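Hey, can you work out the whole structure from these sequences and the hints?
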Amino acid sequence: MAVDRDTLFDWLLRLGDNTLVLSHRVSEWCGHAPVLEEDIALANTALDLIGQTQMWLNLAGEVEGKGRDADALAYLRDAWDFRNLLLVERPNGDFGHTMMRQFLFDAWQNVLLARLKESTDQRVADIAEKALKEAAYHLERSRGTVIALGDGTGESHARMQSALDALWDYVGEMFLDDDVDRAIADAGVGPLPSTLRGEWDGIVNAALNEATLARPDSDFAQTGGKTGRHTEDLGYILAEMQFLQRAYPGATW
Amino acid sequence: MSNAPLAPVPAGKDRTRPDDGARAPLTPDHVWQLLDTVPDPEIPVISLVDLGIIRAVDLDGDKVVVTVTPTYSGCPATRVINEDILACLHANGIENARIETRLSPAWTTDWISEKGRAALLEYGIAPPQPKGIPEACPRCGGRSLELTAQFGSTPCKALWRCNDCLEPFDYFKCI
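Chains A and B are the protein sequences, given in the same order. Position 92 of the first sequence, counting from 1, maps to 92 under this note's numbering, and the rest follow consecutively. To convert, count from 1 in the second sequence and add 1000; that's this note's numbering.
Just so you know, the hints here were simulated from the structure itself, not pulled from any lab data. Given the structure is predicted, the values throughout are model-derived calculations rather than measurements. The beta-carbon is built from N, C-alpha and C at its ideal position, and this holds for glycine as well. A portion of the hints provided could be inaccurate.
[Claimed, not checked] To give an idea of the interface, some chain B residues facing chain A are shown, with a C-beta separation under 10 Å as derived from the structure:
#1 Gly1074
#2 Pro1076
#3 Phe1151
#4 Ser1153
#5 Pro1155
[What the hints assert, rightly or not] List time: in silico DMTMM-like cross-link candidates among lysine to aspartate or glutamate, alpha-carbon distance up to 25 Å:
#6 B:Lys1173 <-> A:Glu129
#7 B:Lys1173 <-> A:Glu140
#8 B:Lys1173 <-> A:Glu38
#9 A:Lys66 <-> B:Glu1122
#10 A:Lys133 <-> A:Asp39
#11 B:Lys1173 <-> B:Glu1122
#12 A:Lys117 <-> B:Glu1100
#13 B:Lys1131 <-> A:Glu140
#14 A:Lys133 <-> B:Glu1100
#15 A:Lys117 <-> A:Asp4
#16 A:Lys133 <-> B:Glu1042
#17 B:Lys1131 <-> A:Glu38
#18 B:Lys1173 <-> A:Glu37
#19 B:Lys1173 <-> A:Asp39
#20 B:Lys1131 <-> A:Glu37
#21 A:Lys133 <-> B:Asp1060
#22 A:Lys133 <-> B:Glu1146
#23 B:Lys1173 <-> A:Asp4
#24 A:Lys133 <-> B:Glu1114
#25 A:Lys117 <-> B:Glu1114
#26 B:Lys1173 <-> B:Glu1114
#27 B:Lys1131 <-> A:Glu210
#28 A:Lys133 <-> B:Glu1135
#29 B:Lys1115 <-> B:Glu1135
#30 B:Lys1173 <-> B:Asp1084
#31 B:Lys1131 <-> A:Glu129
[Said to hold, decoys possible] Have a look at the derived ranges for each label pair, beta carbon to beta carbon:
#32 A:Thr153 <-> B:Gln1033: 57 to 67 Å
#33 B:Cys1140 <-> A:Glu232: 49 to 59 Å
#34 A:Lys66 <-> B:Cys1165: 57 to 67 Å
#35 A:Phe220 <-> B:Tyr1123: 51 to 61 Å
#36 A:Pro216 <-> B:Cys1140: 22 to 32 Å
#37 B:Pro1044 <-> A:Cys30: 24 to 34 Å
#38 A:Ala214 <-> B:Arg1055: 41 to 51 Å
#39 B:Ala1056 <-> A:Pro91: 18 to 28 Å
#40 A:Asp233 <-> B:Pro1044: 35 to 45 Å
Right, dumping it as C-alpha cells:
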C-alpha cells in the first residue's frame, strides 16, 4: 500500500528535524567543552548530524514538491512546523547530561536506521545505510562516556544518575505510534516506533548496568514533538539558528 | 555544443592525448587518470581515486558524468571535492561534465587503494585497520598505542598516541 505525499513528507520531517535540532544543541558546546578532545568530538558529532539532516530534509523537500530544499525547511519554518522529538530539544545541562541525552538518542537511532535500511523506499534505505555508519560510531562513544562517568567518581555518578532521571520522561515519545507511523509502516517505508523498544531496552539496560546507574521506574512520557507541540526551548534554538536568514533573507557565504 | 572541439590540453597535463588536432577520443580511462591527479582537499597526499570516493566515470559522447560518494554525510570537503573535480576536467578541456552523488553502497575505508594507504602512512596518518584500531605508530612503528580521542581534525580521523615515542598521531577511522 502506497503512502500519500503529505504523510511521507511529515514523516521525513521527523527524521530530519531530530538530527537538525540535536545537531544544533550539540554544536552549542563548540569552544566550551571540558577538554579540547571532547570539544572536537562534539563538533564532529554535530557535523555528522547536520549532514544527515541535509539528506533527510532535501528528500522531504523533494517529496513535498513545492521547491523547498533543506535550507528552506531548516531556516524558514516556525516551531509548530517542527516534528522533532522533545528529547533532542532539551537544554544541554552539564557535559554528562549532554552525553546521556546523546546516548539515549544514539541507541534509538541505531535501532531505527538498521530497520530503515530495509525500507521499501530506496531513497530512505540509501540515506539510512549512510547514516547508520556514523550513528554506530556515535553510540560507541556516548555509551563509553556514560559508562565511564556513571562508574566514575561519586560526583560524576550522581550527575549521570540525575541526568538519566531528568531525561527519562522524554524517552517514551521515541516509541509512540501515531497515524503517520502506522501509514508509513503499512507501506513498508519504516518500522512502527513501538517495535524498536525491545532492542533499545537491551542496549540501554546493558550500558546502565555497566555504568552502575539505576533505570528509572516511571513509564510516564512527555509527548507532542512529533505533531508540532514543543517545549519553549525550541523557540530559543530557532531564534538563534534562523536569525540570519530571517533578518537577511537569501544571505549566502 | 556537443560538436564543439575541445580546448587544447595544457602542456604537461596530459601525455596520453596528442595535441596535433587529431585527438584520440575521450575514454573513461583518461578521465580516471585525470581524477587521480586531484588531491583530497583535507589530506592532499591522497588522490580522490585512491580515497575510493569516485564510484564511476561514464561517457555519453563528449559528456562526462563522474559519480562520487561522500565519505561522511556532513564532511565540509564534499563541496570542495566536487568543485575540484570539475575544475580539473575543465582545465583539461572537458567542459561538458557533471557530478552525480551516490549514497549507496555507502563509502567504506576498504575502498582506499594500497597506494593511498601507503601515502597516508608516509604522511604520518595511520591507515584504517579492519579491527578498528591502528596497527603501529606511523612515526616509530611502536605497537604500544593509546586512544586520545575518537574524533580528530577532520571527520575521518581519530587521535591516538604512541607510548614508545610519545608522539600523538592521526588514525584514519575504519568505517
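Taking the earlier hints as the rules, which of them does this structure contradict?
The structure breaks hints 9, 21, 23, 25, 36 and 39; every other hint is satisfied.
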